[in-house]
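Residue numbers (my numbering), protein chains in the order written: chain A, 425 to 813; chain B, 425 to 813; chain C, 55 to 353; chain D, 55 to 353.
Hints in this document: simulated from the structure, not taken from any laboratory.
Watch out, some of these pointers could steer you wrong.
[To be verified] DSBU-like mimics (lysine-lysine), calculated; alpha carbons at most 30 angstroms apart, straight line:
no.: 1; chain 1: B; residue 1: LYS426; chain 2: D; residue 2: LYS81
no.: 2; chain 1: B; residue 1: LYS632; chain 2: C; residue 2: LYS165
no.: 3; chain 1: C; residue 1: LYS118; chain 2: B; residue 2: LYS542
no.: 4; chain 1: B; residue 1: LYS542; chain 2: D; residue 2: LYS89
no.: 5; chain 1: D; residue 1: LYS165; chain 2: C; residue 2: LYS165
no.: 6; chain 1: D; residue 1: LYS165; chain 2: C; residue 2: LYS166
no.: 7; chain 1: C; residue 1: LYS291; chain 2: B; residue 2: LYS607
no.: 8; chain 1: B; residue 1: LYS718; chain 2: B; residue 2: LYS678
no.: 9; chain 1: B; residue 1: LYS766; chain 2: A; residue 2: LYS607
no.: 10; chain 1: B; residue 1: LYS542; chain 2: B; residue 2: LYS426
no.: 11; chain 1: B; residue 1: LYS542; chain 2: C; residue 2: LYS98
no.: 12; chain 1: C; residue 1: LYS102; chain 2: A; residue 2: LYS542
no.: 13; chain 1: A; residue 1: LYS480; chain 2: A; residue 2: LYS639
no.: 14; chain 1: D; residue 1: LYS98; chain 2: D; residue 2: LYS208
no.: 15; chain 1: B; residue 1: LYS718; chain 2: D; residue 2: LYS98
no.: 16; chain 1: C; residue 1: LYS165; chain 2: C; residue 2: LYS98
no.: 17; chain 1: A; residue 1: LYS766; chain 2: A; residue 2: LYS426
Given the structure is predicted, the values throughout are model-derived calculations rather than measurements.
So you can see what is in the structure, the chains are spelled out below.
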Amino acid sequence: MKIHEYQARELLAKAGIAVPAARVVESAADAAAAFNANAVPLQVVKAQVFAGGRGKAGFVKLVKSAAEAQTAADFMFKNRMVSVQTGPEGIAVKKVLVAAAVDIAHEYYLGLVLDRAKATVSVIASAEGGVEIETVAHQRPQAIIREPLHPALGLPGFAARRVAARLGFTGSQASQVAQVLLKSAALYAQYDCSIVEINPLVLTKDGKILAIDAKINFDDSALFRHPDILAMADPAEHDPLELRAAKANLNYIKLEGDIACLVNGAGLAMATMDVVQLHGGKPANFLDVGGGVKPEGAVEAFRILLSDNKVRGVLVNIFGGIARCDLIAQALIAAGREVGFKVPVVVRLEGTNVQAARDILAEARAELPTLQSATDLNDAAKKIVAATT
Amino acid sequence: MKIHEYQARELLAKAGIAVPAARVVESAADAAAAFNANAVPLQVVKAQVFAGGRGKAGFVKLVKSAAEAQTAADFMFKNRMVSVQTGPEGIAVKKVLVAAAVDIAHEYYLGLVLDRAKATVSVIASAEGGVEIETVAHQRPQAIIREPLHPALGLPGFAARRVAARLGFTGSQASQVAQVLLKSAALYAQYDCSIVEINPLVLTKDGKILAIDAKINFDDSALFRHPDILAMADPAEHDPLELRAAKANLNYIKLEGDIACLVNGAGLAMATMDVVQLHGGKPANFLDVGGGVKPEGAVEAFRILLSDNKVRGVLVNIFGGIARCDLIAQALIAAGREVGFKVPVVVRLEGTNVQAARDILAEARAELPTLQSATDLNDAAKKIVAATT
Amino acid sequence: MSILVHKNTRVICQGITGGGGGAFHTKGCLDYGTKMVGGTSPGKGGTKDANGLPIFDTVEQARKATGADATMIFVPPPFAADAICEAAAEGIRLIVAITEGIPVLDMVRAKKFLAEFGDQVTLVGPNCPGVITPGECKIGIMPGYIHTPPEPGKRRVGIISRSGTLTYEAVWQTTQLGWSQSTCVGIGGDPVKGLDFVEVLALFQADADTDAIIMIGEIGGTAEETAAAYIKKNVTKPVAGFIAGRTAPPGKRMGHAGAIISGGEGTAESKIQAMRAAGITVADSPADIGHALNIAWRG
Amino acid sequence: MSILVHKNTRVICQGITGGGGGAFHTKGCLDYGTKMVGGTSPGKGGTKDANGLPIFDTVEQARKATGADATMIFVPPPFAADAICEAAAEGIRLIVAITEGIPVLDMVRAKKFLAEFGDQVTLVGPNCPGVITPGECKIGIMPGYIHTPPEPGKRRVGIISRSGTLTYEAVWQTTQLGWSQSTCVGIGGDPVKGLDFVEVLALFQADADTDAIIMIGEIGGTAEETAAAYIKKNVTKPVAGFIAGRTAPPGKRMGHAGAIISGGEGTAESKIQAMRAAGITVADSPADIGHALNIAWRG
């Protein structure tokens, strides 16, 4: 789960990490008021959206007066932000952050993420902050400091001090940076984060250590024990179909193509997209119905697929394990009765209860005129691509 | 550091462990009111003192009415409690607990203490609760269940369930007992305890799991990070001289004898008591002035020793390491000037700056007429015993 | 022979009564011929499941009563990591954790806990289909009938996969092509897990009754790259492979946490390149995994 | 020869600038001839101490610059366990922790952390006087002059003790009686600590230049009983001993946490009995420890 920058800042501040004064507002007029309340001469107005590329898109603006703050916020609220991460249609801005700008002496990067290979969370730090850490990692790997946490004991104090020293900090600034790291690590563990990133952490010209921008994501699997975090979720940032799928326990991601896919298992779902593309088609979505799918869930899956009006065909690929083929066949028929399949449907079934499923489909043949069966995955992909071009 | 039973109950309750309804009061009249407020027919009035042996001394009483509660409390407030643990002079009772009595089906013991050999905290549990666990451990060691905590991860859930199962619990009671264990272990870690003991934990006749009596002690070395716990300390339970010594960072324990000892180092202080006793004397105290003792602290040490009017002689035994012999010699002279040594003083010095110390004492010979020097520990013990008998 | 499990493996199911699939799949494993000997379900000790298997409150009791040496875990996510630790602490040799959705930090701690038992215990999963040695022992949720037990004349393939249903695809293709399977191991898609490719590859390389290997990976992480390097250095048997997610858009989370591409690490291309450089025959289409194995077999 | 430290041991002091004794005792060790090579004090890196030794912010920096292989820790109690872990993580071979008053649970966790380094690192203390090989290397707070370096004709005794000042007593008595000391190890009085009697006994038994052993214990715990059993089985050199706290009243805490008697465990009587049963000559009076060693020596 993702949260907005302003929410991440609040979590950092609550954990005792210093952030510049800031206010989050939902109107241009409030942005002007926020500027006055912050009461420093130079401030920054930042659109609160999940997508990156805000700066280039003009959705991060330095302002010197309440009027400028209002103008900047007004622009952000009235225009959709378009960046490489949003797609051409862009996204609407609902909130902006008005924050005190600071006089920066140097920018650093501090992050905590899982290191899969070491099976533990690791600190990533760099004295080259303020830019994409992936770029630094790629171009100058020696500028990246890694400090794995102890899997059971967390980040030891000395390890935090070691990172601060390697970043070049000395004196009381070193211990301030070590404290930022220790508090970030505690935050990561406390809330089951999947990333805690402060970029940049800055040293100001008057010697202060401040977190300027922050990104915090959470482990979806652990949200059950963090109702306070769950309450911070912003549904406006999600595709309505994706939200609807999530409610039905379906793992659905909308994509740009026109061939809808319904598959069980994430790996097989990705492989199905791959094989569609290999045969010249373009998948309209990723959809893993999961092992424990119930009849109603499977019908809802078809409803969601068909409500994407770009869809020109449906490929069903089920290799039954936990999921049962017969249940999917029944859902297909139910969906046909309810919403009707105007587009071609290619079905490939294998695994648990496959014979029962084939019998069910054979019996309902007349109800599903656009239905074709496939013998294997290549056959299925070929047929759906052929039927939709 | 120790706390009272009522304070331990409060900590357990805050941690989510069920305890019977109870109120702590400081007057007999309030005891009657507490009985009425608890509003159950059978209750128990318990003196809140650190010393054990309350039951036998008549300071734990079952009562059936507010009047009986008042009478019982009145007795406790008006009489000093004398048990094997208090010494003949007994101790005054300042608070009593008026608690709902429960219908007990079975009594269990649950405790968490440090296992030195394993270098981790360990659960100690027994289905033979309500009695001294040391007695059970001695007579029926097979009735004791031990479950060491993981040093870094604490008590795993399964280990708590395993203890509950070994105690004979099944069904939902097993998971309740496991929860009590997990919460106790969390409490131990949260507050740096040195013991958390629930004795008895009871299964009531109506199937409830309740903590009836609890003892929680804390690691003195960790109190610096638990101001809330430190605030629970009851100075009334400590000897005034011991409190005064603690303020001066002196490790002082008052004993029954008449030969005061001033020593540096806990081991040497115990050994000094041993050698005094070996030569027929009786030490009046244990006193370790510690390595980092300052001049004022050393003088205060002499003041404390001499303000015990049982003292008939003083033995000073310093083997200077961190502690410097010359500083002790100066303190001796300063104390002599301030309070005067009416009793014999035997001094044995060795180690850091011993020659300077001897010179100082030789020079001040006239000021300390009762002073004798000793060549070694046996000599010192012989001389002080001879001088005081 | 085979790896990890065989006809004498004695299996309990932790979470045998739960709605997480424990009851359903215990029956499935029994039906396949697995020596299921009991299960655990805290609070239900002393009863029996629908198949007549004894249920215990703790693994300690189950192990004492049944002599189980393996476990299949269906315990719900909030308690599953603890169940894994319990099995390890009680001396269970093989832990197959099916449960999906265990918090990552729970697994970080559990894996540390397990590390203290060294070679005494092996974890497969979590979030995996399980392990099967066809004809002998199935621990997990895979449909049994798609597998082919080894028999004279049938080449025997060992299969390792991060993806459940994609494993079935590979199994089914090899069966269709007239191969048999020595053992199939679904290592699961979670970022922190038990056996990874390398450990299973080592087992298959050492197993006299495995003739060739199929390895199925997906985008995210660098386990496939590491495995490819290992294969280049240590594996002499023919290996075919497939990587799912070639066409997944970057930054989108596809199903399990395994499938996030971040930066230059863990893309399908980098994996496929590394695998081909290690001499592995990588199928372009998931429909051609069996075909790729035949190519690898011919060398 | 000797154990643990010798004339080439290169020592840093963690907490070299602190009021905890780091500055004072760094000078003491230097004066004795110890190869003190630097120290750490977070926030003061780049400066020098009164003796001209370089000060660093971290042990990583100190070790790189000085090649230290041992450390003496005077870091204040709230940070001392972390300092111990830091030294271990940076590859320091011998950690001597002088600091008194470290929270017990901090040491429980630190000891676990150290355990992961196996034989690579040895911890002495905390709450101990330190280690000295007379004439070669002193790491700690003991007065140097009471010790006697081995020389031809002088018997060499290894001394182990839980109590600081009582160790000096034993050292002094052996010096007075014309013995020398191979190495003296104050293992400290805390309930959770590094080396215990048994490990040091093993080192002394194996050390060709240790002729006899003195072991000084105190009430509380069962380490002396365990050590006695170990001696009976493994130690062939003469051993003398003393147990402090024979007359301490039960239930009172005398100085360090080591000295609590609870139940039947860890009384002076049980320790003395166990030691005598193991053939150790136990002195009744702390003034007679040297005397007891002479008796043990004569067999």
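Against the structure, the hints come out as follows:
no., hint, in the structure
1, LYS426/B with LYS81/D, "violated, 40 angstroms"
2, LYS632/B with LYS165/C, "violated, 36 angstroms"
3, LYS118/C with LYS542/B, "holds, 26 angstroms"
4, LYS542/B with LYS89/D, "violated, 35 angstroms"
5, LYS165/D with LYS165/C, "holds, 20 angstroms"
6, LYS165/D with LYS166/C, "holds, 16 angstroms"
7, LYS291/C with LYS607/B, "violated, 53 angstroms"
8, LYS718/B with LYS678/B, "holds, 22 angstroms"
9, LYS766/B with LYS607/A, "violated, 59 angstroms"
10, LYS542/B with LYS426/B, "holds, 24 angstroms"
11, LYS542/B with LYS98/C, "violated, 33 angstroms"
12, LYS102/C with LYS542/A, "violated, 41 angstroms"
13, LYS480/A with LYS639/A, "holds, 18 angstroms"
14, LYS98/D with LYS208/D, "violated, 45 angstroms"
15, LYS718/B with LYS98/D, "holds, 27 angstroms"
16, LYS165/C with LYS98/C, "holds, 28 angstroms"
17, LYS766/A with LYS426/A, "violated, 37 angstroms"
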